[in-house]
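Chemist: Take a look at the letters that make up each chain.
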Amino acid sequence: MYHTISKKLISCLLFVVVAFGSSNLFANAPVAEDTHVATIDSLEGDGHKTEAEKGFNAGEMIMEHIKDAHEIHFITLHEGSQEEKHITLPLPVIIYSEKGLDIFSSSVFHHEHIYTSEKTGLSYEKNKEGHIIATDQTKLYDISITKNVAGMLVGILIMFVVFISIAKSYKEREGKAPKGLQSFLEPLIIFIRDEVAKPSIGHHYESYLPFLLSIFFFILINNLLGLIPFIGGFNITGNIAVTLVLALFTFAITLFKANANYWKHIFATPGAPVWLLPLLVPIEIMGLFTKPVVLTLRLFANITAGHIIMLSFFSLIFIFGGLYGSVAGYGVSLLSIAFTIFMNFLELLVAFLQAYVFTLLSALYFGSAIEEHHH
Amino acid sequence: MQLLSILLDAAMAYMGAGLGAGLAAIGAGIGIGKIGGSALEAMARQPESAGDLRANMIVAAALVEGAVFFAIVVCLLVILTK
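Chains as they are written, first to last, in the numbering used here: chain Y, 1 to 375; chain S, 1 to 82.
Source of the hints: derived by calculation from the structure; they are not laboratory data. What you are looking at is a predicted structure, and each value in this text was computed from that prediction instead of being measured. All residues carry an ideal CB built from backbone N, CA and C; glycine is no exception. It cannot be assumed that every hint is accurate.
Unchecked claim - If you want the ones that stay clear, here's a sample from chain S, every Cβ over 12 Å from chain Y, calculated:
1) GLN2
2) LEU3
3) ALA13
4) GLY27
5) GLY33
6) GLY37
7) MET43
8) GLN46
9) SER49
10) ALA62
11) GLU65
12) VAL68
13) ILE79
To be verified - Derived DSS-like pairs: lysine-lysine, alpha-carbon spacing no greater than 30 Å straight-line:
14) Y:LYS176 / Y:LYS198
15) Y:LYS179 / Y:LYS198
16) S:LYS34 / Y:LYS291
17) Y:LYS139 / Y:LYS85
18) Y:LYS168 / Y:LYS126
19) Y:LYS198 / S:LYS34
If we strip away everything but chain Y, and leave its shape as in the complex, we get (with noise of 0.2 Å):
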């Protein structure tokens, strides 16, 4: 089984990764005024010959790393001299504007900074932050593929695999006792099920049951993704637009089943005199939108400053190494790596800690909102 699992899960990502390399076949980047452009870049002197000259920029790399990116860079080879190689995975760039939908492969702005759609006749190009805009200002909806998109596709695909598979192997060994990786994931979601929802939302924990579930593993795999060196550096949870997603699921989800009770104890706190109510009202209110802020900040945060503070210790050799040569650099490295590994096992516990906070937390929230009034 693990074999049909593992070849299933190897092809997936094979075709993820064909598909969005092969982009790179359709894009519509001519090739003769490739060469053109060329000789006058090294006339006036390309962009990465004067980077080679510069020193090594922590904050920068540090910020090139949280944030999103149009493709997915694995390394660089032979970094700061002349023949600087940089080994990337184009994504697709998909932006809607009012003259059209146009599709194209990021790598187009690897050798010419503009680039011109056949299709709808808009001149595209990156500016400083990395986001790409029209030249002529138009508005832009940039809907692509990014490598945060391609993180969560990822960690979807993964979730897919993984639990269709332990479901088929439940169905078919009914009644046995679980194997395999049915038996891996089984005290996660017994755990999930018997120590997060049940009691925390009572009698009608089922319905409820599949939301918790997936967002806990989602949380889970996509701040596990974030830990994988070698694979491009994803920083998917420490991303605050997809937190705040999550954070608004669960606020969704309170307000609909909120029940009357709930209601009461916002705008009518029971217990309360009637001359405080104008105080504690909008207190309740603000109460009520400071839950999806704080799930969003809390993981958002954590997971960033995880990364970056790993991604501080690494700095720290070429810092060093810049500043008093190289053997400062082998020295310091020594050091680094201890930390950094120290620092990884601590991250490792802080991936299940917050998604299990995550989750324990829109736990009690859709309790609290499907409370009856009891004396």
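Given chain Y, put chain S in place with the hints provided.
Modeler: Below, chain S without anything else, positioned relative to chain Y:
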């Protein structure tokens, strides 16, 4: 007057951000230290409840850390925006 002009200097923002992050770390240390301390004390009094206490301690620590991360994010915002 000179103090005011020193205080309004843009570079003071960076110092403020650093101080804020440090104070936030102090807050986290005190909060989580108290949680851990009382949890350990309770576990010492009644070793059978160690499992329950451990789970609740971790939850409370994560919630306190959430508040601390608010402060960290605000300090980061001070540094990163303009």
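Chemist: Hint by hint, say whether it matches the structure.
Modeler: Going through the hints against the structure:
| no. | hint | in the structure |
| --- | --- | --- |
| 1 | GLN2 | holds, 32 Å |
| 2 | LEU3 | holds, 31 Å |
| 3 | ALA13 | holds, 16 Å |
| 4 | GLY27 | holds, 14 Å |
| 5 | GLY33 | holds, 17 Å |
| 6 | GLY37 | holds, 20 Å |
| 7 | MET43 | holds, 18 Å |
| 8 | GLN46 | holds, 20 Å |
| 9 | SER49 | holds, 15 Å |
| 10 | ALA62 | violated, 4 Å |
| 11 | GLU65 | violated, 7 Å |
| 12 | VAL68 | violated, 9 Å |
| 13 | ILE79 | violated, 9 Å |
| 14 | Y:LYS176 / Y:LYS198 | holds, 25 Å |
| 15 | Y:LYS179 / Y:LYS198 | holds, 25 Å |
| 16 | S:LYS34 / Y:LYS291 | holds, 24 Å |
| 17 | Y:LYS139 / Y:LYS85 | violated, 34 Å |
| 18 | Y:LYS168 / Y:LYS126 | violated, 47 Å |
| 19 | Y:LYS198 / S:LYS34 | holds, 29 Å |
Comparing the model with each earlier hint shows violations of hints 10, 11, 12, 13, 17 and 18; every other hint is respected.
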